[in-house]
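Chains as they are written, first to last, in the UniProt record's numbering: chain A, 1 to 480; chain B, 1 to 480.
Read the hints as simulated data drawn from the structure, not as lab findings.
Be aware that a few hints might be false.
Repeated chains share a single entry, so a pair holds when one copy, or any two copies, can fit it.
With a Cα cut of at most 35 Å, we get these calculated DSBU-like pairs of lysine-lysine [to be verified]:
1. K347 <-> K81
2. K393 <-> K177
3. K347 <-> K333
4. K300 <-> K393
5. K475 <-> K463
6. K155 <-> K372
7. K248 <-> K475
8. K66 <-> K76
9. K155 <-> K333
10. K248 <-> K115
11. K81 <-> K372
12. K333 <-> K463
13. K334 <-> K347
14. K66 <-> K177
There are 2 protein chains.
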Amino acid sequence: MGLPTNNIKSNNNSNNNNGSNNNTGISKNRIWKRRSLITNKRNSISGMTYNLRSKVSTIPNTGSIKVGFVGLSFKKGWALKTHYPAILQLSSQFEITALYNPTIDSSISTIRELKLRNATAFPTIESFASSSGVDMIVISIENMNHYEIIMSLLKYSQNNANLKYLFVEWGLKCSEKELETICAETTKNGIQTIISLQGRKSPYILRAKELIAQGYIGEINSIEVAGNGGWYGYERPQKSPAYMFDIKNGTNLVTTTFGHTIDVLQYITSSYFSTINAMVINNIPEQELVDDFGNKIGQKAPKTVPDHLLFQGTLLNGNVPVSCSIKGGKPIKKFTKNLVIDIHGTKGDIKLEGDAGFVEITNLVLYYGGIKPNNSPIYKTSDREPTTGDSGKETMEVYHLRNYNALVGNIFRLYQSIADFHFNTKQIENLPSQFAMQEFEFEGFPTLMDALFLVRLIDNVYKSNDLGSTLDVSKIYQYP
Amino acid sequence: MGLPTNNIKSNNNSNNNNGSNNNTGISKNRIWKRRSLITNKRNSISGMTYNLRSKVSTIPNTGSIKVGFVGLSFKKGWALKTHYPAILQLSSQFEITALYNPTIDSSISTIRELKLRNATAFPTIESFASSSGVDMIVISIENMNHYEIIMSLLKYSQNNANLKYLFVEWGLKCSEKELETICAETTKNGIQTIISLQGRKSPYILRAKELIAQGYIGEINSIEVAGNGGWYGYERPQKSPAYMFDIKNGTNLVTTTFGHTIDVLQYITSSYFSTINAMVINNIPEQELVDDFGNKIGQKAPKTVPDHLLFQGTLLNGNVPVSCSIKGGKPIKKFTKNLVIDIHGTKGDIKLEGDAGFVEITNLVLYYGGIKPNNSPIYKTSDREPTTGDSGKETMEVYHLRNYNALVGNIFRLYQSIADFHFNTKQIENLPSQFAMQEFEFEGFPTLMDALFLVRLIDNVYKSNDLGSTLDVSKIYQYP
């Protein structure tokens, strides 16, 4: 099955008919994407504009992107802590105009408390999705079936000609097949999807990716990843919702802690995996409940989610061995950071360290040591870069933004990249109105197709554990 | 098949008939060993005498152990660098009395150059092995079939009533079946075997084992190992012998770098593995040859040994997840030590670091942080130890012997433990004349049976790689 790209809606500032808009399936779509996002010289990776803030700092001529939110509450939650402050900082580009929540009262009070002056509280998902005042729907829900809610939204939004973007939170509570259906439906409806694999927007991750793409560590020949997810240990707060500890739900050590981390690793190295083996371990089937002060209350609760993941495999590019251990649960490690990614190459090394084991929300430090390349093996360096004789010299870098708020910052940068695409702020020639996936491009943002490939990898993690097999996963990176 | 313990020769200072000396197979033999080596109060692990130097500092009444050496040359080699200086430092306990080498001239010149006044050069393996002037045979040979030479030695030594010890270098060039035969033959002939898994004698390894055994890190719940073996990279010295890079021989990244490391890990944790998965990777099938100055000479040579091993699994005790990545080849890692062993527990952590990736020969640093246990969960603490209220307190330790020469030191301590056993310097009651294996005891030394279990684990590493399977290895720790 190819990727249908008919019936797509017009993008604000882009040429909608650039010769690639035919139904030729994903491979062409990808190649085209590379051309359009990479080959423009001023905006190629050597110019590093992807690392700069958006050029749109005032309200664009065409008006801001109107955001309808599913799952924003003024009381608590992920959306309040991350999406809301990110959108606030991009108020010229985005405006929250609609809310849908399980109760309309929750939406009304959130509009009042957050002073969302132009927002409407919708009583039903049908009225919400069909409102012409919504350009982008953001879904940030916990413990709800993603397939059902997204299919409802897609159904009811058919008559909303303005809807162009669907932004979904990772991790997903839906199956591979369901996600394939969602991908096909959004493409058919001309809706550009976004998945919050926001680690790809971390400045540290982009710098690591850049160093590697420009040949600063030579050929990668070995990678070690060790993470420590703070949940899933011997104790848990009494007030933590039970669904977080139930394997039947989509949020656990494998899908989130490992999922974000391995997505970022693939993104940095520009490679998927060829073979993998995994052991999913639950050594703590019961947890002690503790109160707000961390004192045991003398009760236990079952835990069916894993507290450890062992994962190893080789990358498709270069057959690079990757060793990965994700430990759940306190106590934290005393002599290592809670996140350590070591990437070794023939000419240098990169180390990424984070205080928390969650690469997508923790501030990092990047250490690089290696040999400045003569010529980038992948991309030509910028014309502006001096070609004097400092190539071949040993060079070092410690990259750290001391006050970087990664929790909000990475989500902020993800919204920024949506605005850059929507308003074509980087003036990329022949920018399409829709693209299938980001894959490993510097520009753009991850889509539900990127999420689909990650879902398949994670499915194979469980399958490897269940079968006790090393699996060839080189064929999972195809649509469908 | 049980472990025959009939026909054993008398130990110098020990009671040869302590009620356990019947043919009851290895399990009884192990239990007995525990009793004899552990329960004696003055010498129990809480007294930590295993960490002290031998009490025998003058020539014992019964004379030193007469050592016959296969593979000692004054020109070069492992035996010259390690065994020889170790024996020199234990001249009251050991004396080299016989040499056998491929040519008798080599033995004669070695006796002359090393001033081995009481040593004889033997022209044939038959005359060497049958000489009554040999109590212990040490085999330190490269690129020779261990099975053939050991079986010859055992055959020709039948009439040498004095021969009590056979000391063999790890790694072994022989199959599992051949090693089983050797184990059976040595037991039948009453010969105590020793294998040079000398990492077990490293003071850092023993301290880590002690901290864990006494409950200082609580229950182990996660382990990460990353090592970097300096060989097997993109270049190799022109003068390096080709057999080192030929998978058909017994010495490579898996057998030596990984073998020593995983043996030490099992020893520290007192646990074998239950499930394992491995990927054995050879990404560098050809190496550039370099001269003595490291300059490329424009020639390449084939390499069939691996340059990377990915290994993960769970320990039999506690289902502890273990992640292990052994990288071969320069360049070395810039931001980690070449050996890092991280052991995490419910009450603390231990980190072992080494400058070189070879745990058995590199000096280490041990870092410990955790909570002082109330009572050791495994062993009762010494009566002399104060039982005041400092249990439950957070405690830290950095253990490092700045001038420790691990290359010689660990082999020296291995010889020392042989002398301690032979002369019963620790005055252990009912010390047997022979024991099957050290397993995870503090006292004693590793034997060919310990080596057999390690050979089986390594065989399963290759098997896991070849089959693409996670393997249950819990049944391999049985004899035969």
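Do the hints match the structure? See the list:
1. K347 <-> K81: For K347 and K81, the Cα distance is within 35 Å only across copies (33 Å; inside one copy 41 Å).
2. K393 <-> K177: neither (50 Å within a copy, 53 Å between copies)
3. K347 <-> K333: both (30 Å within a copy, 10 Å between copies)
4. K300 <-> K393: between (59 Å within a copy, 26 Å between copies)
5. K475 <-> K463: The answer is both: 15 Å in one copy and 25 Å across copies each meet 35 Å.
6. K155 <-> K372: Cα proximity of K155 and K372: none, with 53 Å in one copy and 62 Å across.
7. K248 <-> K475: both (26 Å within a copy, 33 Å between copies)
8. K66 <-> K76: Within. Shortest intra-copy distance 23 Å satisfies the 35 Å Cα cut-off; inter-copy 78 Å does not.
9. K155 <-> K333: neither (48 Å within a copy, 54 Å between copies)
10. K248 <-> K115: neither (37 Å within a copy, 74 Å between copies)
11. K81 <-> K372: neither (40 Å within a copy, 40 Å between copies)
12. K333 <-> K463: both (29 Å within a copy, 33 Å between copies)
13. K334 <-> K347: both (31 Å within a copy, 10 Å between copies)
14. K66 <-> K177: within (30 Å within a copy, 73 Å between copies)
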